[in-house]
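K.L.:
Each chain, written out:
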Amino acid sequence: MDFFQVFIELAQSTVRLSTPLILAALAGLFTERAGVFDIGLEGKMLGAAFAAGCVAYISQSVMMGLFAAVLVSVLLSLVHGYASITQRGSQIVSGVAINFVVAGSTVILGEAWFRQGGRTPALTEDGRFGRITLPFADAVREVPILGPLYSGLLSGHSPLTYLAFLMVPASWWILYRTRFGLRLRAVGENPGAVDTAGISVIWLRYRAVICCGILCGIAGAYLSLAANAGFTKGMTAGKGYIALAALIFAKWRPKNILFACLLFGFLDAFAIRYQGYAFPLIGRVPVQFMQALPYILTVILLAGFIGKAIPPKAGGVPYVKER
Amino acid sequence: MSVPHAKLPGWAEYGLIPLVNLAVAFLISGLVVLIVGESPLEAAYHMINGAFGRGEYIGFTLYYTTTFIFTGLAVAVAFHCGLFNIGGEGQAYIGGIGVALACLSFDHTLPWYLVFPIAILGAAFFGALWALIPGWLLARRGSHIVITTIMFNFIAASLMNYLLNKVFKPLGSMSLETRTFDAGGQLPKLDWLMSIFGLSVGTAPFNISFLLALLAAFGVWVLIWRTRLGYEMRTMGHSPAAARYAGIKEAKIIVITMMISGGLAGMMALNPIMGEQFRMQLDFVQGAGFVGIAVALMGRSHPAGIIPAALLFGMLYQGGAEISFEMPSISRDMIVIIQGLVILFAGALEHMFRPAITRLVLGLSPKTRNVAATKGA
Chain A
1 MDFFQVFIEL AQSTVRLSTP LILAALAGLF TERAGVFDIG LEGKMLGAAF AAGCVAYISQ
61 SVMMGLFAAV LVSVLLSLVH GYASITQRGS QIVSGVAINF VVAGSTVILG EAWFRQGGRT
121 PALTEDGRFG RITLPFADAV REVPILGPLY SGLLSGHSPL TYLAFLMVPA SWWILYRTRF
181 GLRLRAVGEN PGAVDTAGIS VIWLRYRAVI CCGILCGIAG AYLSLAANAG FTKGMTAGKG
241 YIALAALIFA KWRPKNILFA CLLFGFLDAF AIRYQGYAFP LIGRVPVQFM QALPYILTVI
301 LLAGFIGKAI PPKAGGVPYV KER
Chain B
1 MSVPHAKLPG WAEYGLIPLV NLAVAFLISG LVVLIVGESP LEAAYHMING AFGRGEYIGF
61 TLYYTTTFIF TGLAVAVAFH CGLFNIGGEG QAYIGGIGVA LACLSFDHTL PWYLVFPIAI
121 LGAAFFGALW ALIPGWLLAR RGSHIVITTI MFNFIAASLM NYLLNKVFKP LGSMSLETRT
181 FDAGGQLPKL DWLMSIFGLS VGTAPFNISF LLALLAAFGV WVLIWRTRLG YEMRTMGHSP
241 AAARYAGIKE AKIIVITMMI SGGLAGMMAL NPIMGEQFRM QLDFVQGAGF VGIAVALMGR
301 SHPAGIIPAA LLFGMLYQGG AEISFEMPSI SRDMIVIIQG LVILFAGALE HMFRPAITRL
361 VLGLSPKTRN VAATKGA
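Respectively, the protein sequence lines represent chains A and B.
Under UniProt numbering, the first sequence has 204 at position 204, and the numbering climbs by one with no breaks.
Under UniProt numbering, the second sequence has 255 at position 255, and the numbering climbs by one with no breaks.
Because the hints were derived from the structure by calculation, they are not lab data.
Everything numeric in this text was worked out from a predicted model, so none of it was measured.
Where is the CB? At the ideal position from N, CA and C, for every residue including glycine.
It cannot be assumed that every hint is accurate.
To be verified - Between beta-carbon pairs, the in silico distance windows are:
id : chain 1 : residue 1 : chain 2 : residue 2 : range
1  : A       : 162       : B       : 360       : 51 to 57 Å
2  : B       : 171       : A       : 4         : 40 to 46 Å
3  : B       : 173       : A       : 4         : 52 to 58 Å
4  : B       : 356       : A       : 259       : 48 to 54 Å
What the hints assert, rightly or not - Taking lysine-lysine pairs in the DSS-like style, the calculated list, with each CA pair at most 27 Å apart, reads:
id : chain 1 : residue 1 : chain 2 : residue 2
5  : B       : 7         : A       : 321
6  : A       : 313       : A       : 251
7  : A       : 313       : B       : 252
8  : A       : 255       : A       : 313
9  : B       : 249       : A       : 313
To be verified - So, partial list: chain B residues that the calculated Cβ filter (under 7 Å) puts toward chain A:
id : residue
10 : 36
11 : 141
12 : 151
13 : 158
14 : 162
15 : 250
16 : 251
17 : 337
18 : 349
19 : 353
Chain A on its own, in the form it takes in the complex (with noise of 0.2 Å):
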């Protein structure tokens, strides 16, 4: 097989890989810029995925799926606002107990309902989301070069990849260029200022979190309604934090979130592809060292080693009017 050929198809598993990390990953990113620290992403994506597989199932529509894995999202962001926001608990432990009771209620759930060991059942063609196919995407393969990078690069994935992708400048605009941007990471840096200013920073936290839960049950509608065909026990397999490490890598930025998860999305693709396959001068890489390897990378990066992660300064903290 030519080299080009590879790459296209490297490429595309890695914007395959990539999508649910893009979208969990801008979903940290509005509550982590607002100071709501989440390490419940993996959570709300399993829960998401539970929901979109068994409404989809019930429903035959993949619109209804997607609508539920959001509003199960929503919830459970609301679970964790209402903990780190309202009363000022812990927001990793509250991130830590929502993984937990997802992880766990999926299972016991999706056996009591459709007895088929965790799993939802496989859904037909209109449960899931089919693939777009770009316009004259079959008429231009022949082309050399662009053609393949159109037909095979481009086109033929689910609208869900078009919308993470597309969701990663709409969420600088938001961000960088809305007043609610403006008040939502300054929320993050200096709550104080912005309660001084008479703008409310619990409304604005709620509103960051539900931002969050919003992307996040599109990531998990991805995974169980896209990627695969319903949902599996424990489908996110640490996905949630491979979009945390993610988050961390691109320093809290939509457009180095974008690089940081075409990364891991590509480690990911590589590991797969080249499992046991030996290089030359290296010889034969680990799976498991390809597979360690975004948390390694984002480890080192949090050690200062390549440049530095500067985390949202009020992130983690409680908000308490002085009065």
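Since chain A is already given, all that's left is putting chain B on it; use the hints.
P.N.:
Positioned in the frame of chain A, the structure of chain B alone reads:
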């Protein structure tokens, strides 16, 4: 908290509030059981019967308790220093290397009572090593301890997968585990302890590492409340700024605390590896490191609270296994839900019921009401 809560009497602070939080967590778990279409009361019966109904069941309950005492203590020690060590899972997993190395090297030649101390040191060493790196990265480079320890959990999983595959697996074996240890690598069961109470341990792997866990709990109490190091740790946890003014070396305390925490988590590996399976298997930790978070939160980071909290989770694990046997629609994942709810209500929402309870408790006793009235004015 800028709004100080009225001071509660000790029994309410350390008894009533945790119990109320726990009760709410169980009520919601009961709702999940109802949704699944089973009776919560029947589930509760099977759980309690499954955990304490027979000597063998009690043995299993205490076996799990042992594991959770270690991981709970690990989380608690870090809590006292203001650190959230979420990496107990990975530290326990890596701690297994120390146990496996000790057993694989000496199990033919030495009796268990000589291998055991070596394995303890090995487990603590490797666990501490895996916590040392995040600790050092926090102390020197300012990395967020929660994120680093989460990442180290995943790195540990990959590393152990690799090691079991390439190093520990005997030639020609298909399953990812070490060879079974000889007599030297097998801890004796505590049947004599059970027989004092007229119970038989049966097939339960209740072993001598339980005593080690109790000893560790005592050790942690001495460390935190009776030594200079513990005092410095608590100072750091309470107010890093005050600790700095007092001349406490922040970096040193962070690294030492993380190593103690990791060492305790690592010692958890003794229980399943030397006490139950007599070999190191893939994924032998099975989430015990995370249970430690719930245990430490429930037990208010005090050994006297951690031991009953660990017993509670031991009961949930063993009783949960029995429930899934009797009521197939409630698998052991039910425990994960309960665990999550306990973390939520005893941890993140610990203050939710406090105002109501404060009103109730202070309203009941006239003496404290007067104090509260003068203070609250």
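K.L.:
For each hint, tell me whether it holds in the structure or not.
P.N.:
Going through the hints against the structure:
Between residue 162 (chain A) and residue 360 (chain B) the Cβ separation comes to about 56 Å, which falls inside the hinted range of 51 to 57 Å. A hinted range of 40 to 46 Å holds for the C-beta pair residue 171 (chain B) and residue 4 (chain A), which are about 42 Å apart. Separated by about 42 Å at the C-beta atoms, residue 173 (chain B) and residue 4 (chain A) break the suggested range of 52 to 58 Å. Taking 48 to 54 Å as the suggested C-beta distance range, the pair residue 356 (chain B) and residue 259 (chain A) conforms, at roughly 49 Å.
The suggested pairing of residue 7 (chain B) with residue 321 (chain A) holds, with an alpha-carbon distance near 22 Å, which does not exceed 27 Å. Simply put, residue 313 (chain A) and residue 251 (chain A) have alpha-carbon atoms about 13 Å apart, close enough for the 27 Å limit, and the pair holds. The suggested pairing of residue 313 (chain A) with residue 252 (chain B) holds, with an alpha-carbon distance near 25 Å, which does not exceed 27 Å. Restraint check: the Cα-Cα separation between residue 255 (chain A) and residue 313 (chain A) comes to about 20 Å, which is no more than 27 Å; the hinted pair holds.
Between residue 249 (chain B) and residue 313 (chain A), the direct Cα distance comes to roughly 24 Å. Compliance with the 27 Å bound is thereby established for this hinted pair. Annotation: residue 36 (chain B) was flagged as interfacial toward chain A, and the flag holds, the nearest CB pair being 4 Å apart, inside 7 Å. Of the supplied interface hints, the one on residue 141 (chain B) holds, with its beta-carbon coming within about 4 Å of a beta-carbon of chain A, less than 7 Å. Taking 7 Å as the C-beta cut-off, the interface hint given for residue 151 (chain B) holds, the closest approach to chain A being about 4 Å.
Contact between residue 158 (chain B) and chain A, as hinted, is supported at the beta carbon level, the nearest pair being about 4 Å apart and thus within 7 Å. Satisfaction of the interface hint for residue 162 (chain B) is found here, the shortest Cβ-Cβ separation to chain A being roughly 4 Å, below the 7 Å cut-off. The interface hint given for residue 250 (chain B) is broken, as the beta carbon of that residue sits about 17 Å from the closest beta carbon of chain A, more than 7 Å. Because the beta carbon of residue 251 (chain B) sits about 14 Å from the nearest beta carbon in chain A, more than 7 Å, this interface hint is broken.
Among the interface hints, the one on residue 337 (chain B) holds; its C-beta lies about 4 Å from the nearest C-beta in chain A, closer than the 7 Å criterion. Interface restraint check for residue 349 (chain B): the shortest CB-CB distance to chain A comes to about 5 Å, inside 7 Å, so the restraint holds. Annotation: residue 353 (chain B) was flagged as interfacial toward chain A, and the flag is violated, the nearest CB pair being 10 Å apart, outside 7 Å.
Checked against the numbered hints given earlier, the structure breaks hints 3, 15, 16 and 19 and satisfies all the rest.
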